[in-house]
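J.: Take a look at the letters that make up each chain.
Protein chains: 2
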Amino acid sequence: MTARSKFTPSCPMPTFDHDMVVLGHGSGGLLTYRLLDQFIFKALHDDAERPAHDGAFLDVSGEMAFTTDSFVVDPIFFPGGNIGDLAINGTVNDLAMCGAIPQTLSLSFILEEGLLMKEFWEILQSIKQACEAAEVKIVTGDTKVVEKGKGDRIFINTTGLGKVHPKANIDSSNIQPGDRVIVSGPLATHGIAILSVREGLSFETNLETDSTSLHDIVLPLLDKYGSDVHLLRDPTRGGVASTLNEICRSSKVGIRLVESALPIENEVKGACEMLGLDPLYVANEGIFLAIVKEQQAESMVQFLRKHDKGRRAVVIGQVTEDDAGRVVLNAAIGGKRVVHMLTGEQLPRIC
Amino acid sequence: MTARSKFTPSCPMPTFDHDMVVLGHGSGGLLTYRLLDQFIFKALHDDAERPAHDGAFLDVSGEMAFTTDSFVVDPIFFPGGNIGDLAINGTVNDLAMCGAIPQTLSLSFILEEGLLMKEFWEILQSIKQACEAAEVKIVTGDTKVVEKGKGDRIFINTTGLGKVHPKANIDSSNIQPGDRVIVSGPLATHGIAILSVREGLSFETNLETDSTSLHDIVLPLLDKYGSDVHLLRDPTRGGVASTLNEICRSSKVGIRLVESALPIENEVKGACEMLGLDPLYVANEGIFLAIVKEQQAESMVQFLRKHDKGRRAVVIGQVTEDDAGRVVLNAAIGGKRVVHMLTGEQLPRIC
Chain R
1 MTARSKFTPS CPMPTFDHDM VVLGHGSGGL LTYRLLDQFI FKALHDDAER
51 PAHDGAFLDV SGEMAFTTDS FVVDPIFFPG GNIGDLAING TVNDLAMCGA
101 IPQTLSLSFI LEEGLLMKEF WEILQSIKQA CEAAEVKIVT GDTKVVEKGK
151 GDRIFINTTG LGKVHPKANI DSSNIQPGDR VIVSGPLATH GIAILSVREG
201 LSFETNLETD STSLHDIVLP LLDKYGSDVH LLRDPTRGGV ASTLNEICRS
251 SKVGIRLVES ALPIENEVKG ACEMLGLDPL YVANEGIFLA IVKEQQAESM
301 VQFLRKHDKG RRAVVIGQVT EDDAGRVVLN AAIGGKRVVH MLTGEQLPRI
351 C
Chain X
1001 MTARSKFTPS CPMPTFDHDM VVLGHGSGGL LTYRLLDQFI FKALHDDAER
1051 PAHDGAFLDV SGEMAFTTDS FVVDPIFFPG GNIGDLAING TVNDLAMCGA
1101 IPQTLSLSFI LEEGLLMKEF WEILQSIKQA CEAAEVKIVT GDTKVVEKGK
1151 GDRIFINTTG LGKVHPKANI DSSNIQPGDR VIVSGPLATH GIAILSVREG
1201 LSFETNLETD STSLHDIVLP LLDKYGSDVH LLRDPTRGGV ASTLNEICRS
1251 SKVGIRLVES ALPIENEVKG ACEMLGLDPL YVANEGIFLA IVKEQQAESM
1301 VQFLRKHDKG RRAVVIGQVT EDDAGRVVLN AAIGGKRVVH MLTGEQLPRI
1351 C
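So the protein lines, in turn, are chains R and X.
Residue numbering for the first sequence follows the numbering used here, beginning at 1 and increasing consecutively.
Residue numbering for the second sequence follows the numbering used here, beginning at 1001 and increasing consecutively.
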């Protein structure tokens, strides 16, 4: 049971002959070579572990999960994290949601000319720390540079490989009416933390992103409950509402949510009210949804609550035979309403 | 022995309720769902093969190669191809250069608000055709959207996995003095084709990119010559000069090139003279360098020439004990000169 440590001191930046990224850093020539050798590899790797240029070699066997994500979050630094640890945690979590043990990542940067090297260093430090926390290795990468005005400081792609847990059987076809929907923690924290520092919006809050790696809470759950965990999903873009709608569509079941059960921090609730946002649609990064066998649901909640990342775990609803393809909410004030998939764009570039 | 077919007719674009990309297509909600379901998946996949949302499952065993690349080429359409087939071929070739059989790709888009759907459709069609030609499958993906002015129409990341050929032993530590350097075809074609359509530059040429998948020429070479192929590299950004310099640095050998042996099309030579470019530094996409055992070099060249993609294969130099860490050129006009790694940025965003 490990707590997140987001504030371990960073290594000092090495002396480097540019204070910002220039186009030549993407040339494939000397400047690229130096950027890799004296900056990126220096931040990320021990000398013995520097990745090969065109690819890496892996020895693997058995069932693997494979997943990719590009990160374009704006701003790139936000309370509790930055685009670097977000990019690592995001792909680590997608692997965990496949029931896999995260192992190996690729890392690809699209840098905008003019990005400050000290900002890039800070991001690289976060990447390294997030990799250490999730026990994953970056084995291959790529760095491109685009002209000023043709990007937005930094975009990151991470693609991951992990070995599927031997007891995992994560498959939406396993979902049954009666299954319970568990959420591992409070909703909407990441989205509101990002919004709190968006240009043009300012409101007082001490909120930090909940971005964290989830493999260390998910894998013990699979160890103990195996195939009674029917589906795992992290409700990032589009929030819990959109993720549950997707599940209903693909599994042709209904889901009934209980509004009064939804865990939401007071500060998040206040910000959502002020901004006119429904927390069901706001992005999350540090929580997951589990659709689980009815008989084990309460035991799983108790199990998750023993973990630092699952202290607020709770059953928020159940799978139904009626309303197939739909999410329906039992409202706190009585009555019920259909919860649609997010339409339009509520919060662009939240991850 | 297959020829490239770049001009097979495209499927007609489906009716779609937007004629350009909007921010909502990256929301994770309904518009994202529709973009995937009715557009991207429609272009790329048969109904039975649609990729899962958070990741894919693979059954693999043995030694695998793993490689990633982000593509930011400008312009996104150019003579003989576009960013779509370039992104597939680029990662297929990185796998081939590892001596691996390309199998599985992830595909991640960063779209700029305002990209025309008909352009995106054309790119998706090229992706599909390039995947078919290279016999690789896209199994997982991601789509993000950034505001107008924060990207440049479309950036693509592809990350690939392939099984290492059982006879391959690609490792720079295998390089020996006396080894020959083979290039599989003429230099600088891709870079000059891109430049010919760059804004602000216009010169008459019928040149097309040489971008193509190289696994179907590389794998038979490994079948026949196995570990006598010591190293394979595709000289993309930074050109042949930068790639050979990297090899010299990492292997602590010298390389002696013979200028008169370098294959360069007349049209490329003319364009390079006009623009003041050295073809040794211009990017390539459809050729590879092989460092091979001296005694087999001539036989390999004859073997490559039987393949459509290797018709112009030739020995261009050899590995030397002296000049360790350096590439030296025997100039056509007599004398010799050191060929440095590309310094600065000759041609931004060529791939």
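The set of hints was computed from the structure by calculation and includes no laboratory data.
Among these hints, one or two may not hold up.
Pairwise CB distance ranges, derived in the manner of DEER restraints [to be verified]:
1) 1276(X) x 116(R): 43 to 51 Å
2) 1116(X) x 306(R): 50 to 58 Å
3) 1012(X) x 11(R): 32 to 40 Å
4) 1299(X) x 169(R): 35 to 43 Å
5) 14(R) x 1178(X): 49 to 57 Å
6) 305(R) x 1037(X): 56 to 64 Å
7) 1079(X) x 167(R): 50 to 58 Å
8) 1077(X) x 273(R): 41 to 49 Å
9) 323(R) x 1013(X): 42 to 50 Å
10) 12(R) x 1312(X): 27 to 35 Å
11) 148(R) x 1116(X): 37 to 45 Å
Quick reminder that beta carbons are idealized off the backbone N, C-alpha and C, glycines included.
J.: Each hint: holds or not?
T.: Right, here's what the structure says about each hint:
1. Between residue 1276(X) and residue 116(R) the C-beta distance comes to about 32 Å, which lies outside the given range of 43 to 51 Å.
2. Checking the proposed 50 to 58 Å range against residue 1116(X) and residue 306(R) shows it holds: the Cβ atoms sit about 53 Å from each other.
3. The given range of 32 to 40 Å is broken by residue 1012(X) and residue 11(R), whose C-beta atoms sit roughly 55 Å from each other.
4. Taking the beta carbon of each, residue 1299(X) and residue 169(R) are about 52 Å apart, not inside 35 to 43 Å as hinted.
5. The hint said 49 to 57 Å for the Cβ distance between residue 14(R) and residue 1178(X), and at roughly 38 Å that hint is violated.
6. The given range of 56 to 64 Å is broken by residue 305(R) and residue 1037(X), whose C-beta atoms sit roughly 37 Å from each other.
7. For residue 1079(X) and residue 167(R), the hinted distance range of 50 to 58 Å is satisfied, since their beta carbons lie about 54 Å from each other.
8. Against the hinted window of 41 to 49 Å, the Cβ-Cβ separation of residue 1077(X) and residue 273(R) comes to about 47 Å, which satisfies the hint.
9. Between residue 323(R) and residue 1013(X) the Cβ separation comes to about 35 Å, which falls outside the hinted range of 42 to 50 Å.
10. A C-beta distance of roughly 51 Å is found between residue 12(R) and residue 1312(X), which places it outside the suggested range of 27 to 35 Å.
11. Distance hint check for residue 148(R) and residue 1116(X): the Cβ-Cβ separation is about 24 Å, which falls outside the suggested range of 37 to 45 Å.
The structure is inconsistent with the numbered hints 1, 3, 4, 5, 6, 9, 10, 11, although it conforms to all the rest.
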